[in-house]
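*Asks:* Chains as they are written, first to last, in the numbering used here: chain A, 1 to 140; chain B, 1 to 670.
There could be a bad hint or two in this list.
As the list claims (entries may be wrong) - What follows is a list of derived Cβ distance ranges for each label pair:
1. E224/B x N95/A: 24 to 32 Å
2. E355/B x N95/A: 48 to 56 Å
3. F138/A x D530/B: 30 to 38 Å
4. G601/B x F87/A: 54 to 62 Å
5. A114/A x R211/B: 24 to 32 Å
6. N95/A x T408/B: 40 to 48 Å
7. E597/B x F87/A: 52 to 60 Å
8. F70/A x P52/B: 27 to 35 Å
9. I578/B x A114/A: 52 to 60 Å
For the record, the hints were derived by calculation from the structure and aren't laboratory data.
These figures come from a predicted structure and were not determined experimentally.
A virtual CB, placed ideally from N, CA and C, is assigned to each residue, including glycine.
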Amino acid sequence: MAEEWNPKIIAIICNWCSYAGADLAGGARMQYPPDIRAVRVMCTGRIDPLFIMKAFQDGADGVLISGCHFGDCHYLEGNYKAAKRMFLVKNILKNIGFDDKRIRMTFVSASEGAKWAGVVEDVVRTVKELGPSPLKQFEK
Amino acid sequence: MAEKKEARIGVFVCHCGTNIAGSIDIEAVKEYARTLPNVVHADDYQYVCSTPGQTMIADAIKEHDLTGTVVAACSPRLHEPTFRMATKVGGLNPFRFEMANIREQNSWVHMHDREGATGKAKDAVRIAVAKASLLEDLIPKSVPVEHAAMVVGGGVAGMQAALDLGNAGIKTYLIERSPTIGGRMSQLDKTFPTLDCSQCILTPKMVDVGRNENIELMTYTEVEEVEGYIGNFEITLRKKARGVLTPEEAEARGIVGGGCNGCGDCVDVCPVIKGNEFEFEMAPRKAIYIYHPQVVPNLYTLDFNTCIKCGLCVEACGDKKAIDLEMVDELIKVKVGTAILATGYDLFPIENKTEWGYKKYENVITGLEFERLICASGPTGGHLVRPSDGETPKKVAFVLCAGSRDNTGVGKPYCSRFCCMYSLKHAHQIIEKIPGAQPYLLYMDIRSFGKMYEEFYYRIQDEGAKFIRGRVANILEDPVTKNLHVFTEDTLLQRPIDLEVDLVVLASAVQPTAGADAVRKLFGVSCSQDGWMLEAHPKLNPCGTTTAGVFLAGVCQGPKDIPDTVAQAEGAASAASIPIHRGEVELEPYFAQCIEEKCAGCGMCVNLCPYSALALVEKDGKKVMEVTEAKCKGCGTCGGFCPGGAIHMQHFTTPQIVAQIDAFLLGGEQ
Chain A
1 MAEEWNPKII
11 AIICNWCSYA
21 GADLAGGARM
31 QYPPDIRAVR
41 VMCTGRIDPL
51 FIMKAFQDGA
61 DGVLISGCHF
71 GDCHYLEGNY
81 KAAKRMFLVK
91 NILKNIGFDD
101 KRIRMTFVSA
111 SEGAKWAGVV
121 EDVVRTVKEL
131 GPSPLKQFEK
Chain B
1 MAEKKEARIG
11 VFVCHCGTNI
21 AGSIDIEAVK
31 EYARTLPNVV
41 HADDYQYVCS
51 TPGQTMIADA
61 IKEHDLTGTV
71 VAACSPRLHE
81 PTFRMATKVG
91 GLNPFRFEMA
101 NIREQNSWVH
111 MHDREGATGK
121 AKDAVRIAVA
131 KASLLEDLIP
141 KSVPVEHAAM
151 VVGGGVAGMQ
161 AALDLGNAGI
171 KTYLIERSPT
181 IGGRMSQLDK
191 TFPTLDCSQC
201 ILTPKMVDVG
211 RNENIELMTY
221 TEVEEVEGYI
231 GNFEITLRKK
241 ARGVLTPEEA
251 EARGIVGGGC
261 NGCGDCVDVC
271 PVIKGNEFEF
281 EMAPRKAIYI
291 YHPQVVPNLY
301 TLDFNTCIKC
311 GLCVEACGDK
321 KAIDLEMVDE
331 LIKVKVGTAI
341 LATGYDLFPI
351 ENKTEWGYKK
361 YENVITGLEF
371 ERLICASGPT
381 GGHLVRPSDG
391 ETPKKVAFVL
401 CAGSRDNTGV
411 GKPYCSRFCC
421 MYSLKHAHQI
431 IEKIPGAQPY
441 LLYMDIRSFG
451 KMYEEFYYRI
461 QDEGAKFIRG
471 RVANILEDPV
481 TKNLHVFTED
491 TLLQRPIDLE
501 VDLVVLASAV
511 QPTAGADAVR
521 KLFGVSCSQD
531 GWMLEAHPKL
541 NPCGTTTAGV
551 FLAGVCQGPK
561 DIPDTVAQAE
571 GAASAASIPI
581 HRGEVELEPY
591 FAQCIEEKCA
601 GCGMCVNLCP
611 YSALALVEKD
621 GKKVMEVTEA
631 KCKGCGTCGG
641 FCPGGAIHMQ
651 HFTTPQIVAQ
661 IDAFLLGGEQ
């Protein structure tokens, strides 16, 4: 199963930096693994910690949050607030014995197509090494 | 909100020629879409963005009584407006449209994995359909636009932009942090390839800017704070204390016929001597100074950092009473509809490339220092001399790509674009001015890509300049003669060279000017990896930025020569004038709204809002949050934290996002 298994990873990314960076990677035809599905929000500040919890509850093997670099947020400081909430989420996950490497926050600007491709590759590799989410065994 | 009606979604899958169809099985995606909940219609088309493609959407809305549309195609950052319009033509609210990005973030990045890409496209459509099923009618908000604009930076780009705006009848604030407008171009001697005298073509423009009745020129001023949004920017400016009153300011203080008239009597008596920044400190200035005789405004500036407040200048100024030694910075607020950033460039600190000896050997100078030394109004009156002994150099080496196209980590990876051409011009100038002079151009490639540039290159070759192709390894100084040994390889002859010259000119790379980063952050403009300000689209929107109402002109967006800079400035001015002439703009209706029955009035959101758009108010005996829509920019930071889920973030509501998450993780084939 280890060979065949494709992880389910959801990326919630901001419109102005990371989504644009991902588009740029596409324009430049940078190839990366197809294991990530993106949900676009205007700002990472919009991301309620519960969205991440919901994703894991639904059986996600990994969650990627990606926004603008600090100081570059289109809405001044949404990314700072998102980053703060990540500590909260990681803490909760760790406390229930969940590997917090399954959730990652990165900062990819609109001009960093290559970085986006690298981030996706790294997240997919990390999650593949961790294997399927332990929450899956409680399903059904 | 419209009456609750069961969602009926239409899905349209785009081939984009082979851009998408080449890596994704369109037929499979379409058939899959038909099996999804709420989908009542699915179709595919070669180019959905074409007129027939758009008509297909509009017709399907009517025929199948759709409540929402999904187009699986390129990025919403590209064609969302197109398909919203098509949705509107079909009779739906344009915001009842959702896009699935299966090109930029799918077919183009999984070109050799048809199975993986097709699976991802199916998921993307499923996620989009889930959101589309929950979309609501939204009405964009129209706001009036202030009939004024701001240009930040008074170089040739900023001046051109301000002139165009001013001539279009728009009140324009031109902000320049140094005491005069003119920028880098005013430091140049001649311009390539026409060999026009830079000052001669620039000063008329400077005078025009000074005289234009719609331009309010604010020199020695910096941007302190930016608030607001397109149409209604409120900008706080710091007018730095320049210690000298204009005639108008003097009159306001009741000094009749006073104020600075530019006579310069103060300079003669000032005892403080400093290096003149305009001349790269190759000439002195006093603590009270002007950079050069043609400054606009013709107004002296007192450098409070070096002034000893002896008061001699005040005496010399006499009845004009133009000098105020106690002047302090002043904060001024102005309101504008749009803004143009034109902050220009600095030279890369080429002393960081220690192997070339800049600032270590006296006879190694930069291209801009060469401009001042060969300029008739420069410190040597236009006689090019060696800094070490004042002798006229005969053999001069020009090192091109000095810090440009450099991947060593010390320089810049990009091409600075105008150094090849100005080095050719420098070669011409020494041949013309110094009998028997021999220029050597040490180059990697000569990039003479503009109109009449290649012809100029041939001309310099014919005039006798020597071209050596190779990157300079290092430069050493002869301690006795102060001559320089340039060590390089002639890659065409394939042999090492030790070239002894009298003077070395480094065509240094350029980088964003100091302070540009602070300005761009104030205006919410992103930057590219190398620090240049980021345009909204590299091809189709080179003057715009992702902040609506803020535009870019000149080198702040990336290295470019004077013609390109002026062209972009005119483009930016035109773009910046459009919202002002229309008089109103539509804001995307992504506003936060309070669900009052859920709001506990805790006020957590009020502090989170970066725009102070939220407030707690008393309603029916309980405290609830209230949104000022004109201030809300739709980031959703409040909605991401509300403990009670009481914030309805339009177009990105919690149910919509959760539906997307569920659709991906629970909806597909397990």
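*Asks:* State for each hint whether it applies.
*Replies:* To see whether the hints hold, each was checked on the structure:
{"no.": "1", "hint": "E224/B x N95/A: 24 to 32 Å", "in the structure": "violated (45 Å)"}
{"no.": "2", "hint": "E355/B x N95/A: 48 to 56 Å", "in the structure": "holds (55 Å)"}
{"no.": "3", "hint": "F138/A x D530/B: 30 to 38 Å", "in the structure": "violated (49 Å)"}
{"no.": "4", "hint": "G601/B x F87/A: 54 to 62 Å", "in the structure": "violated (27 Å)"}
{"no.": "5", "hint": "A114/A x R211/B: 24 to 32 Å", "in the structure": "violated (49 Å)"}
{"no.": "6", "hint": "N95/A x T408/B: 40 to 48 Å", "in the structure": "holds (47 Å)"}
{"no.": "7", "hint": "E597/B x F87/A: 52 to 60 Å", "in the structure": "violated (32 Å)"}
{"no.": "8", "hint": "F70/A x P52/B: 27 to 35 Å", "in the structure": "violated (46 Å)"}
{"no.": "9", "hint": "I578/B x A114/A: 52 to 60 Å", "in the structure": "violated (34 Å)"}
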